[in-house]
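Enquirer: Read off the chains here:
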Amino acid sequence: MIVTEETAAEIERLTIPEGRTGLSPEQVRASQERRLYLALALAARNEGYEVASVEKIAAYALVSKTTLYQLFGCKEGVLRGAVEEFVGGLAPAIEAASEEGHGWPDRLRGGLEAVLDRVAAESELARLAFVEDRSLTGLNAGETALEALLGTLFDSIAVDGGAAGTGAGLIRRLAIGGVCAPIADRLAAGRDADVGDLLPSLQYFVITAYAGPDRALEFVT
Amino acid sequence: MSEAPEPDKLPRAGHGLSPDQVRANQEQRLISAICRVVAERGYRGASVSRIIGSAGVSRSTFYELFESRSALLLAARARLERRLDTAIEAAAAAAGSGDERLHGAVSACLAVLTDEPGSTELLFGASRLAGPEAAGMHDEAMARWSLQLRRCLAGLEPKDRAPDAAAPGASRSGHARGDDQLARMALGAGVAVVRGAAVRGRRPEADEVVRALLIPVAGYRPSTRAGP
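Protein chains in written order, with our numbering: chain P, 26 to 246; chain H, 11 to 238.
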């Protein structure tokens, strides 16, 4: 399992050596939090989230159980923290990419590209958000975040893209569902390295959902 | 929502059923119960205590029949998948246009999901959380149903497409109606619609699911085609 080996190596790299390090308490805390996020992802891959114990997660993170409880309270707290970390980085990336674009096709491409870049760069956290998290709202954290961050951008296709009518809630919902499905599949299968390949299909799918395939073909190459 | 006991609970005595029939009844009640409890509380909140309480079976009976909660989920998933596969295959083999077969398959699948309350969440939400085996079953099923959807979309006649839809079969950008990735996204869109309806406690309409599945083929314009 190359992915898990890379994650374990990353945790080890982030580990602070014993003794005087000269690091501030905030830096130590940031290192511990990051290691716990990666350790949870590792445990979820190896044992499954449900089975992964606090002991195992702490051991993977090279921290004590006490540290895990002090920082997050419980395993679910680690998951929430990891998801917030992933989503927290996603929002500015999407905003920046969207603002740079001229017209809705550019903005859409930029927004989707920002999502895929973030997923590729933080695949373990993304996996927690898109695969392991599950709420009773029918959406997981990744889907919820994309709906909030991309929904307006998607709806602008209907408004600015010449499509008759505007994007109803249903269209937004199914467009988000369609975008998230292959992302979650690749993350679940450990194929996060090639997630960027999805960009043309995602663009085509979203534009087609709102404005029909003719419009999609104008902008997707 | 309350976790109502399974209505088909057997009377304590005098039912005249064989041990095998009793066992089958208990299994089915447990399968129905895990669907209901997962839908109400999520997989993480679906403890064995809650499941057996909802099913009206004892803890010892539960462990005689299933090794664990995860084993019960696998059994429930397998049973539901078989029913959905059968429904899809029957619809695919039926007479009629491609559009009619797609509508038939969707309607039949929705009937299965409605017949087993809570099954939508178990199939599409909980399974990836229930360990590698359940996650593998989920992913294999989605791949299988994507393939069937791709074949179905590829077989649609031009008349089934919107008037402004792209030329049949393929496109300048290489996106074909039979594209694997687009079929998977369309299935994801359909599942999103079904799950969205399920969490609101209503049965989704076949038409809205079909529209989601047809996106790669025809697109959908709320103001010009029958909308929600």
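Don't take every hint at face value.
Said to hold, decoys possible - No farther apart than 20 Å at their CA atoms in a straight line, the calculated lysine to any residue pairs in the SDA-like style are these: (1) P/Lys100 to H/Arg51; (2) P/Lys81 to H/Arg54; (3) P/Lys100 to H/Ser57; (4) P/Lys100 to H/Asp190; (5) P/Lys100 to H/Glu110.
Hint data in this document are derived by calculation from the structure and do not stem from the laboratory.
Enquirer: Output the indices of the hints that this structure fails to meet, ascending.
Expert: 4, 5
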